[in-house]
Amino acid sequence: MNSKIVFGSYVPVRSILHRLDPRIKLIMCIIYVILIFFVNNFLTAIWLLLALFVAIKLSNVELKQYWQGIKPLFLIILITVMFQILFSSGGKMYWHWGIMAITRDGLINSLIIFYRFVVIITASTVLTATTQTFQIADALAWLMKPLQVIKVPVNQITLMLSIALRFVPTIMDETNKIMKAQRARGINFNAGSLLTRIKHLVPILIPLFVNSFKRAEELATAMEARGYDPDAPRTHYRQLVWHNNDAWAGLGLLIVTIGLVCIRIFF
Amino acid sequence: MAKAAITVKKLHYTYPNSANEALNNVSLTIKEQEFVTVIGQTGSGKSTLVSLIDGLIKPSSGELNVAGLKINATTKPEYLSKIHHQVGFVFQFPEQQLFAETVAQDVAFGPRNLGWPARKIEEAVNKALKMVDLPLELKSHSPFALSGGQMRRVAIAGVLAMNPRILILDEPTAGLDTQATNDLLKIIKDLNKTGTTIIMVTHQMEQVASCANHVIAMSNGQIVADTTPQQLFSNAQRLNKLSLTLPVSVEIAQFLSKNGVTLKNTEPLTLDGLADEITEAMRRKENE
Amino acid sequence: MTGIKIRDLVFTYPDSKYPVLKNINLDFEPFSWTAIIGHNGSGKSTLARLIDGLLTPTAGSIEVDGIQVNESSLGKIHQQIGFVFQNPENQFVGATVADDVAFGLENRQVAQDKMEKKIDKALKMVGMTDYKNTAPISLSGGQKQRVALAGILALMPKIIILDEATSMLDPLARREILSLLQKLKNEYNLSIISITHDLKEMELADQIIVLNDSQVAQQGSPSEILKDKALLLEIGVGVPASQQLQELLSKRGIDIPNRYLNLEELKIWLKQQLQ
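Residue numbers (full-length UniProt numbering), protein chains in the order written: chain A, 1 to 267; chain B, 1 to 288; chain C, 1 to 275.
Note that these hints are calculated values from the structure, not bench results.
Ideal Cβ placement from N, Cα and C applies to all residues, glycine included.
All clues given are correct.
Straight-line Cα separation of at most 30 Å, DSS-like style, residue types lysine-lysine; simulated pairs:
#1 A:K64 <-> B:K58
#2 B:K285 <-> C:K251
#3 C:K183 <-> B:K241
#4 A:K180 <-> B:K9
#5 A:K177 <-> B:K9
#6 A:K199 <-> B:K127
#7 A:K180 <-> B:K189
Listed next, with one range per pair, are the computed distances between beta-carbon atoms:
#8 B:E137 <-> C:P14: 26 to 36 Å
#9 B:N25 <-> C:Q109: 53 to 63 Å
#10 C:S250 <-> B:R238: 30 to 40 Å
#11 B:V224 <-> C:Q109: 47 to 57 Å
#12 B:N25 <-> A:S212: 38 to 48 Å
#13 A:T196 <-> C:Q109: 53 to 63 Å
#14 A:V202 <-> C:S16: 28 to 38 Å
#15 A:T196 <-> B:K9: 29 to 39 Å
#16 A:I255 <-> B:S18: 37 to 47 Å
#17 B:E122 <-> A:V202: 15 to 25 Å
#18 B:K9 <-> C:K251: 43 to 53 Å
#19 A:N188 <-> C:S61: 53 to 63 Å
#20 B:E137 <-> C:E187: 52 to 62 Å
Chain A extracted, bound-state conformation:
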């Protein structure tokens, strides 16, 4: 019912990116985020932004929808950037008042932070918009596989993760329902001081916890009845298979990386 695009939600359209193996998408996203920290000048910044635009274009998801996903986080970004502008020092000073000052370094730093924030959030939105959550969980499981050597219970962790993800919409729905019910009992979530607003969370959080615990208990029984034993080996229905396109995607990322290195060396 609630089809609002939120940060991190999947957009069910067809595209090359949607068809890619979730593992390559996850790896590319991680590497791209690392690359962002090697941005040191205008040209490198543009270069990586260009790569992101190609990815957005290939995802077949409209720019507008990305904007809707990022919008709720924009306030946090702006506040961080404001702090950065007002409280970092160095370079030429343009304005100051008490401990606050606007300096040249402060402006540059905040610009870099703003850039990183927006690009990293957009890049991860590209991943989540084109990859269903359970696929991301599968990809994570694959990435974590080496940890099995040091006795990390990777299979349990990933099953836990995918069940948690599976219940996100259920719990969102339930939160909505409880809020509506308490609103019908005269509570006003949009009024009052900060303290009253925090107090207003109690009639939502307590039922939510109580119901979730009950849910978890029932789910555990149901899983046991279906033969789940955390210590026993299991087979896996969903198998990830590499395709040619995944190799092309990897190659694309390699070009982006080499390009970045070249720009840093030659300019």
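Given chain A, work out where chains B and C should sit, using these hints.
Chains B and C alone, transformed into the frame defined by chain A:
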């Protein structure tokens, strides 16, 4: 002629980011002290309609008048929340919304939100618990330590404590056994008798037959029937189209009349009424 | 033979002084449909969980298909018995319908290349083929229970336990699930144990077991149990409409058979009398 408690005119509602209208041109009038049942398949728009009547959502277009409060697409939220002084809403599985440490605190939550003085709240809590037939000793108990049926009654008391003139109930008997269902229906009927307008969403045609004097059937966001139970059940074809069943009494009566038995009333709403019809038919046959 | 034999069963929850079940001796015939009815808290669900080995008896023994239910036989027992719970939402493990049906197969270590076929077959049995890649959030309660059934049928159990599996569904979905179960039972020779408050569901059974005060209060065919008005009222089940009408008519001096007639039988009897 009783006054109108609720009038709805050309109401449209579309959920945010949804392509389809959840309500499409709905108009209706509910009079004071009526017992209305709203029926229809899951997704037919029942829940949307009752949410609009309680001011939990605002219409996309059209107009509502609920207990004298006029609501349309431009109504301010503060004005909307005034409705909660007049209309109570019992959600499905209301026990899932309990949160307070004691029964008394939970029931008092609504009145407190309305800003009533402590004395009045105390009285309202006691009265509400009495209405749902729960002993006052339970007031100091944790609601989570009660049985399922008791928890539901505490939750309903929490709504009744606000002393609503209009009470909306969304499938109040879901998940209860027959005994608990009958007890709860009796409480609701008594409320209706003492002057509360009732709007009850239900899937049980038996409840429509035995409780309501006004039934609204919905399908695909539109009202497909706005009539009395008697009238509704006389049109088996329409019910079939809506995938709704007949109450047993009507089912038997219509089966008999289809098989050539003459009955005066082919839509008896109770088994008692049906028994009368059958007895009379038997007598007639003996006399022939 | 996939009968169930219960002997001198006692069960007390660890944090309770009083047993929820005591002196239970029961036999469930193979290929039969048994309904278990009783008050909330009468131990119905506990009994079902004990049969499936999800709880361990305090005393007494349970045998399923000749296998003693205990710690070491749990794997085998879970394989024989499929369990459908009350809340369709809380037993859906997978991210999609196919994933959920696969869950039991994965636990059973079915080879990956064999799963697809089994999943398709199970989904076909419950009429959910078109929803194979659908996420649970967009399914109705009835559809979720169908998927739960498919998850069980994929493992080819001999017994299906329904713990108020239809109580949260609307009447239409309930009717559909029940007729699906009837069909599956006949086609695949299943035994069904259903815990229920629903009179229609009771009428489908071959045998009804009434639990009251932690004990078996009554046991018999639907026509025997559903005629016992005092008993039905005591356990909060309510009297079947046909039974109520029979009584109303006999009060009005009409000579109506004293035995239990279900709705269809009653309709036919009335028709014969009045035509």
